[in-house]
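Between the sequences and the hints, there should be enough to build the whole structure, so can you do that?
Number of protein chains: 2
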Amino acid sequence: MLDNLDLSREVSKADYKEAKDQLELILPALQRKAKEMQVPVIIIFEGWSAAGKGTLINQLILPLDPRGFNVSSTLAPTVEETMRPFLWRFWNRIPASGRIAIFDRSWYRHVLSERMSGRLRGTELQQAYEDIRSFERQLTDGGYVIIKFFLHISKQEQKKRFSKLQGTAATKWRVTSDDLKQNKQYDKYLSALEDMLAESDSDYAPWTVVESHDQRFATLKIFNTVVSALESRMEKTQPVEKPKPTRGKKRSLPAALDASVLDTVDLSVEVDRETYDQRIKKRQARLRELEHEIYVKRLPVVLVYEGWDAAGKGGNIRRVTQNLDPRGYEVVPIAAPNDIERAHHYLWRFWTQIPKAGHIAIFDRSWYGRVLVERVEGFCSEHEWKRAFREINEMEHHLTNFGTVLLKFWLHIDSEEQLRRFKEREQLEHKKWKITEEDWRNRDRWDTYKTAVEEMLFRTSTPHAPWTIVESNCKWFARLKVLDTVIEAIEKSLPKG
Amino acid sequence: MLDNLDLSREVSKADYKEAKDQLELILPALQRKAKEMQVPVIIIFEGWSAAGKGTLINQLILPLDPRGFNVSSTLAPTVEETMRPFLWRFWNRIPASGRIAIFDRSWYRHVLSERMSGRLRGTELQQAYEDIRSFERQLTDGGYVIIKFFLHISKQEQKKRFSKLQGTAATKWRVTSDDLKQNKQYDKYLSALEDMLAESDSDYAPWTVVESHDQRFATLKIFNTVVSALESRMEKTQPVEKPKPTRGKKRSLPAALDASVLDTVDLSVEVDRETYDQRIKKRQARLRELEHEIYVKRLPVVLVYEGWDAAGKGGNIRRVTQNLDPRGYEVVPIAAPNDIERAHHYLWRFWTQIPKAGHIAIFDRSWYGRVLVERVEGFCSEHEWKRAFREINEMEHHLTNFGTVLLKFWLHIDSEEQLRRFKEREQLEHKKWKITEEDWRNRDRWDTYKTAVEEMLFRTSTPHAPWTIVESNCKWFARLKVLDTVIEAIEKSLPKG
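Protein sequences, first through last, are from chains W and Y.
Each residue of the first sequence is one higher than the one before, counting from 1 in my numbering.
Each residue of the second sequence is one higher than the one before, counting from 1001 in my numbering.
These aren't lab readings, by the way, just hints derived from the structure by calculation.
These numbers were taken from a predicted model, which means no experiment stands behind them.
One thing to keep in mind: the hints can contain errors.
[To be verified] Pairs of lysine-lysine, PhoX-like flavour, derived with a Cα cap of 25 Å:
{"no.": "1", "chain 1": "W", "residue 1": "LYS386", "chain 2": "W", "residue 2": "LYS236"}
{"no.": "2", "chain 1": "W", "residue 1": "LYS386", "chain 2": "Y", "residue 2": "LYS1386"}
{"no.": "3", "chain 1": "Y", "residue 1": "LYS1356", "chain 2": "W", "residue 2": "LYS236"}
[Unchecked claim] Pulled a few chain Y residues facing chain W out of the computed Cβ check, cut under 10 Å:
{"no.": "4", "residue": "GLU1080"}
{"no.": "5", "residue": "GLY1122"}
{"no.": "6", "residue": "PHE1135"}
{"no.": "7", "residue": "LYS1155"}
{"no.": "8", "residue": "LYS1159"}
{"no.": "9", "residue": "HIS1345"}
{"no.": "10", "residue": "PRO1355"}
{"no.": "11", "residue": "ALA1357"}
{"no.": "12", "residue": "HIS1359"}
{"no.": "13", "residue": "ARG1387"}
{"no.": "14", "residue": "PHE1389"}
The beta carbon of each residue, even a glycine, is placed where N, CA and C say it ideally should be.
In structure tokens, the structure reads:
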């Protein structure tokens, strides 16, 4: 969940002031309402050393009524605390109805620090994740709101901050040897984090990763997330039965907060015809070799294609399969479900298409329809698509545990490129069939889809089944990138020897 | 969950006929309703070899409309099937809306057979349980009804049935060498089963264990469970908001079906004064020694007392603690929650009382109030107490994983003995305070409480935290039994050397 994040996001001073003034009025009002409705709220802050937890917690509590919240720091467990199961000290500190408990570090300390120190691993680590999931589910089932922040900074940024602190006598003491070790082992830590976020992200207690290079940006994102979470909880007192499209409430917030990681994708990358022709043949030949190896070694492979209309999914898939032995792969095109499919669980029609070990299945659109078209068009309820992130992660985990190489491609183009391609399709007789009224309708909802794509990329990019964003304004580039990614992943997964 | 079961339950021919005629009318009506309401239903049968799966499935389908169901047998996976993740073949066979899928063996085959053969263990086994839980939760969240039967017979009964089959040439082939191995390794199998049932019992897909020595009894229990599950699902279309006491619908079924395992407890067991005096001193002295060992070895101990009013909890606890060092234990009396407790999650007030490693906490009544008094009196909703079984198991699992010795005692007396004690209390000046109007009210609901106790004993007796039913008509016997149980458990758990 930490790849594909744009850590450079920032907010100008003027924008910040305007938005913060607004949010600082809403927040205490929501606090009063939560008190009135007897809703207990838990907000936790996890993050890299020097990511700014202290400062950001301070920002958050300033507008709050101090009689209604507690902040507690989670240090290494005391002797008293180690004499009880690790959740004990957190159960002791859960808030009463109508109160807010803010945790500077939390129960995740256990699965991070203890793990990094080597004291927690294997089935015990698994069990700790399971305990954390039960804990959070029990609380939210009991009416608690849980908001989880992870403050993210890069290795370089962390190093810079440490150096700055070390430069002054007054702040020097704040950088510990553990901190420096964290920076040194940043990548090892990162993979433990990725694991933790994937294991504990859920519909009832979702993670919000906060890009924390710019403090103004981080502050606003935190405020806005808390406000949205509380608002959505307050609304839930009257359960809405009928599913309706969810568009997200608009406050006048700086564009940076809405800004999508998709906007930071460099779509100008391209290759020329000659390079393309030369490389594509080689890649296709290599993939054909690998197809045989896959078969012999019984490795199952699943490729998922999602992307904007006219992003070039069809052409891309064709280049992947062009040179393959047709007995070894299958392309599974996914359209709206038919009557029989509709009469089953929404995942059923994908499960039936899972390839045999040794074969490749290529999904042209996929189960991600649940959190894309079905979400945006209101074909399923908010509750259903929110639950789907976890359901999809569980399904994919089941596949990858079995040994499946599972790759997911988001074919990305910008809005102008889409328009150009739509118009071209309308004008070319042999491409006319490809463009429909629906495509134009979807195009009108570009921004709504973008929000959905963004959340999908964030919540379902897991260590075992990552998303690859494929820059597709240049189709040749996109085809080569997909082939390269597939080849690399298969080579890495084939048993040696 | 398989201890404390009365396998000798049976139903007479006449009672059977009457009840079955009734149920056979209701069942197809419910099938039609499920079809109309588009509810998909999954019924699985697991159980010992020769427990009668085939026959019982046959009984169940006879009254059903054959156009509306499928029966499928789960054998060892075919080569095709081993080439996919183990849930694949079950996803393929989930029913469409309004249809019933019956499984003769199911996905649990994987965590039983594969485990017994040694191919599945450690984190992989844990992961398989997790996959099964996700699978069942995804389906029930999607509107499916899942009914799970485990057909239980004793080792002796299984052996008898195998011998009978082997005695005739026509049936000899039905007993395989695997079957005989199962009988030989019955106890090893049993503990794998206990583990499986505990790991996969949930509010959304609960297990029903069917005592299967008497085929008539087993048939009726299966019919009745299916009917109740479907009825309860159909009612859920209009969600009931207000919690109300749940008493269980009454059909005129043979008493055997209602009969409680509590009725089979032999309450005539007793010891005489002399034996008691002699033994109690010894036990108390031994426990005092162990209290010190516990402290030195840092073993945490939790004892839970539940039982009928006037069953003798107080006196029993006193005899356990009489000779102990008061710095090493604490008695935690649990009454109705106070205002501050009510403002927290219902488990909070128990968590705060969890003993330090090296100490003993004795709960006089406990978190089980959720599934006893709160259930019976309607202080929480049906949804809440059904969820509580899992929440409680999760909490206890967290404690025992930490190394806690956790013992739970149900102090059992019969209704006549309770009456005798109530009257005695009323007549003795120094005991008068012990008897209140509420006690008499509870007494009137004896049967309702019995149902709740029964389900509690079944769903929360896990391998790591078993229930002990303590025959308490003779208080002396009860005190010795508790002391013996505690001593044995602690001795077993103390690290050697």
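Hint by hint, here is what the structure shows:
no.	hint	verdict
1	W:LYS386 with W:LYS236	holds, 14 Å
2	W:LYS386 with Y:LYS1386	holds, 24 Å
3	Y:LYS1356 with W:LYS236	violated, 39 Å
4	GLU1080	holds, 7 Å
5	GLY1122	holds, 6 Å
6	PHE1135	holds, 8 Å
7	LYS1155	violated, 30 Å
8	LYS1159	violated, 35 Å
9	HIS1345	holds, 5 Å
10	PRO1355	holds, 8 Å
11	ALA1357	holds, 4 Å
12	HIS1359	holds, 8 Å
13	ARG1387	holds, 6 Å
14	PHE1389	violated, 12 Å
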